[in-house]
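> Below, each chain spelled out in residue letters.
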Amino acid sequence: MAIAESTTGLLGRFRQVNNAFPQTAQIKEIKASGGKVFGWLCSYVPEELIYAAGALPVRVTGYPHETELADGTAYLSTVSCSFSRSCLQIALRGEYSSLDGIIAGSTCDGARRLFDHWRRYVKTPFAQIISVPRKYSATTLDLYYSEIVSLKASLEKYLGTSITDDALANAISVYNRSRAIMGRLYELRMRDGPPLTGAEMLEVTNAAVRIPRDTFNAWAGELLAYLETSPVRHRGRARIMVIGSVLNNVSFIESIEAGGALVVTDGLCTGIRYLADPVVREDSELPLRSIARRYLTGFPCARMFPAHDRFDRIVKLLQDYRVDGIISENIRYCVQNAHDLPLLRQMVSALGIPILALDIEYGTSGSGQIQTRVQAFLEMIEASRRRPVER
Amino acid sequence: MGTAIDTSTGKISQLIRYMKFLTTFYRNQPHAHYFRMLQDYFIALRDARANGGFVVAHTIFFPVEIFDALDLVPMHLEFTGSLMSFFGIECGDLLAGAAEMGLPPEVCSAHRVIAGALKASAMPQANAVVCSNLVCDNAMKSGELTMALHSCPGFVFDYPFNQGEAADRAIMQELKDVIAFLENVSGHKMDWHRLSANIAETNRQIGLVREVNNLCKAVPSPLPPQDFLKFLVVDYMGAGKPETTLYLQSLRDDLAAKVAAGKGFVNPERLRLMATMLSPWYLQGTIDAILSEHGAAIVCNPNLCDWRQSLQLDPARPLESIAMKLAACSPMRMFGPLDERALGPLRDCVREYRINGAINFNHLGCRQIGPTFKIYKDILDELDVPILYMDCDLIDPTVTSADEVRQKLEQFFELLEDR
Ligand code: SF4
Ligand code: SF4
Chain Y
-5 MAIAESTTGL LGRFRQVNNA FPQTAQIKEI KASGGKVFGW LCSYVPEELI YAAGALPVRV
55 TGYPHETELA DGTAYLSTVS CSFSRSCLQI ALRGEYSSLD GIIAGSTCDG ARRLFDHWRR
115 YVKTPFAQII SVPRKYSATT LDLYYSEIVS LKASLEKYLG TSITDDALAN AISVYNRSRA
175 IMGRLYELRM RDGPPLTGAE MLEVTNAAVR IPRDTFNAWA GELLAYLETS PVRHRGRARI
235 MVIGSVLNNV SFIESIEAGG ALVVTDGLCT GIRYLADPVV REDSELPLRS IARRYLTGFP
295 CARMFPAHDR FDRIVKLLQD YRVDGIISEN IRYCVQNAHD LPLLRQMVSA LGIPILALDI
355 EYGTSGSGQI QTRVQAFLEM IEASRRRPVE R
Chain C
1432 MGTAIDTSTG KISQLIRYMK FLTTFYRNQP HAHYFRMLQD YFIALRDARA NGGFVVAHTI
1492 FFPVEIFDAL DLVPMHLEFT GSLMSFFGIE CGDLLAGAAE MGLPPEVCSA HRVIAGALKA
1552 SAMPQANAVV CSNLVCDNAM KSGELTMALH SCPGFVFDYP FNQGEAADRA IMQELKDVIA
1612 FLENVSGHKM DWHRLSANIA ETNRQIGLVR EVNNLCKAVP SPLPPQDFLK FLVVDYMGAG
1672 KPETTLYLQS LRDDLAAKVA AGKGFVNPER LRLMATMLSP WYLQGTIDAI LSEHGAAIVC
1732 NPNLCDWRQS LQLDPARPLE SIAMKLAACS PMRMFGPLDE RALGPLRDCV REYRINGAIN
1792 FNHLGCRQIG PTFKIYKDIL DELDVPILYM DCDLIDPTVT SADEVRQKLE QFFELLEDR
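So the sequences go chain by chain: Y and C.
If you're matching positions, the first sequence starts at -5 in our numbering and goes up one per residue.
If you're matching positions, the second sequence starts at 1432 in our numbering and goes up one per residue.
Treat the hints as calculated values from the structure; they're not laboratory data.
Careful, some of the hints might be misleading.
Straight line, CA to CA, 30 Å or less: simulated DSBU-like cross-link-like pairs of lysine-lysine [to be verified]:
#1 Y/129 <-> C/1620
#2 C/1808 <-> Y/117
#3 Y/129 <-> C/1607
Stretch-level coverage of chain C by chain Y, calculated; a stretch enters the list once three of its residues show a Cβ under 8 Å from a Cβ in chain Y [unchecked claim]:
#4 1590 to 1597
#5 1801 to 1811
As the structure is a computational prediction, the values presented were derived from the model and not from experiment.
Heads up, the beta-carbon is just placed ideally off N, CA and C, and yes, glycines get one too.
Please construct the entire structure, taking both the sequences and the accompanying hints into account.
Right under this line is the structure:
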């Protein structure tokens, strides 16, 4: 799948950031000038708050490739997902030493145990975990809001600053701008021949959480402007949606696309879930309250109840992006996604959309075995297209 | 995943037959009360449909006192599934059924058994489901699967991770909401007097478990290690019931007499061990036998039934009492952040129970215990207490054989004896 030169050039900046992370030029620059960098763990931690505090929020991720995780496993044991083990291993090896703080959410067993070990053994100066409810109601919104109010207070104390409502309102508009640009990039993929591949899109969303947001908005805006009119058209044997556990590894998507598929959308926290749903300010509502509502009601993770809220969003995407098949990648020991599979299968099979469930490790680039299964899956989709409709 | 024929009455009747047998077998002994409590529990469940009862399936930790006061028939999903496999009812078939549904082996077997049992219609039809995020990711998901497969309404009790005032407010509101939900779906009304009476009973039961735990500080310790599991079962299925109080009272009296007579689970007692999790359900008797051959006893478990926090439930304030109980029960210490509240009891137990070694039964798939091992080990290293990491499974006997368990335990005992 050839990539047009200009696209490559515009994407190269994102790729460079991703390859260097967590030792990017941008982070080094911020640190050199006395700035603060905070790591966040999981998409239920409101980045806007960190941004409004004047610090750089970066998403904590693991190795971008499959590797042995001896340290991570020695601490978290094999029954923790390889994402949490990978993150911890990087941290234990000092590669996240530029972080001034770590902020986590009680989103799943893997994440909360990762935080326990991080706080105890990595000893990043600032460490806080917030309660993240599993359902949306007036009670849970109040709880989550009070958690981020207390996070705000801790950040203010630690940084010796005050996070004003104006700063929060500005953060909302900066982040909403990112969401709008990335949302438009996604919409381009609804086309018959999208101008960017699934792997390329993942480079963009990965970089979004690794560089200063204003830089990202500028770069992503330039990419969007180019792609809106670009003559590049990617086509594949089947239009695929990827769903499942956290996924940062671009080469995994590349390996699916190398087999002739085209990944046109996803349901991932590193993909559409990250950029969907802007923060909406309701009349006279405090900005932090609007932020809380968005994080609790946005495109849900598999951890949220009821699952059909997420399933409904998936069905909508299947239709909007004219998806031929779903690849569900589940990191071993990521229970919430694994547990959803029976119901999800039932739902998509009723829609006549096939699903391929892959058990993987975080960072996998798509082994020969995975490629073989993807090939067989694509052939099955093609064969079902050729099959005459029975009357 | 279509609805199969309801074969649950047969499975539950099989459980009832076991309980009846064991009640008779242990007559005049404390355990007779325990098995009678379970027998009554499953009879109510089996006959619920015929009696016009309203069955509420629920996951671990839900305060069962509420069901009783609403005159509902509870079905503890994890323990009903686990007891089925504990008593040898097609555990392999249930796990295979879960695999067919697409649940990978990484999902805790206690929950795969539930899925398998739902698929095989081995669980009675629920009229409603109440589940929570306690104490791991599996619980809520099993609850939701039950709602879907039994096509019934459900409520998620969303328990806050961090403690504090906001969390207290949220818990109280969730309790009120879940009662309103249950009243609404069942048409039953909460009997607040009965709830208060149940809380008074639970308060007595917590006191009795404390007394039993204190008796286990004696050298030799009088309690057979597999009884720790019974404490869990009575708390999760029998809290607030008079039969449970009778069980704990007679057990306390029995153990007190043994302590007075210097009789222990093993005599002489050479090794005093701490467990940080339950041993596999299907190996309870085997492990007790191995321990006793080697003069070893498991005398405490800081994560199960260890009511160390001072706690006085107030029947006049039943909901506040339930919230207090939830916050204080020992497995909940594993749910929140692993801070001093969670880890302090480990240190305290070493001192209070004069522990020589600890065993971490690491259930394949358990999201609580395996990942804490390193932290536990570091704490116990400071106290010069070795800890054994034992890979096993709560329910699935194909993961670790009795021989492997024996070999590992014997090696560990040797290490302890050589010190
Ligand atoms: S991969 Fe799954 S289990 Fe691991 S941190 Fe993410 S959601 Fe949690
Ligand atoms: S054994 Fe572990 S994983 Fe299974 S239900 Fe209990 S806490 Fe959850």
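> Work down the list of hints and note, for each, if the structure agrees.
Now the hints, each set against the structure:
1. Taken as a hint, the residue 129 of chain Y and residue 1620 of chain C pair is honoured in the structure, with Cα atoms around 26 Å apart against an allowance of 30 Å.
2. As the CA atoms of residue 1808 of chain C and residue 117 of chain Y are separated by approximately 19 Å, the hinted pair is consistent with the 30 Å bound.
3. In summary, the hint linking residue 129 of chain Y to residue 1607 of chain C is supported, as the alpha carbons are separated by about 16 Å, within the 30 Å threshold.
4. Restraint check on the region 1590 to 1597 of chain C versus chain Y: 5 residues with Cβ-Cβ distances below 8 Å, three needed, restraint holds.
5. Evaluation of the coverage hint for the region 1801 to 1811 of chain C: fulfilled, as 6 residues show C-beta separations to chain Y shorter than 8 Å, against a requirement of three.
Of the numbered hints given earlier, the model fails none.
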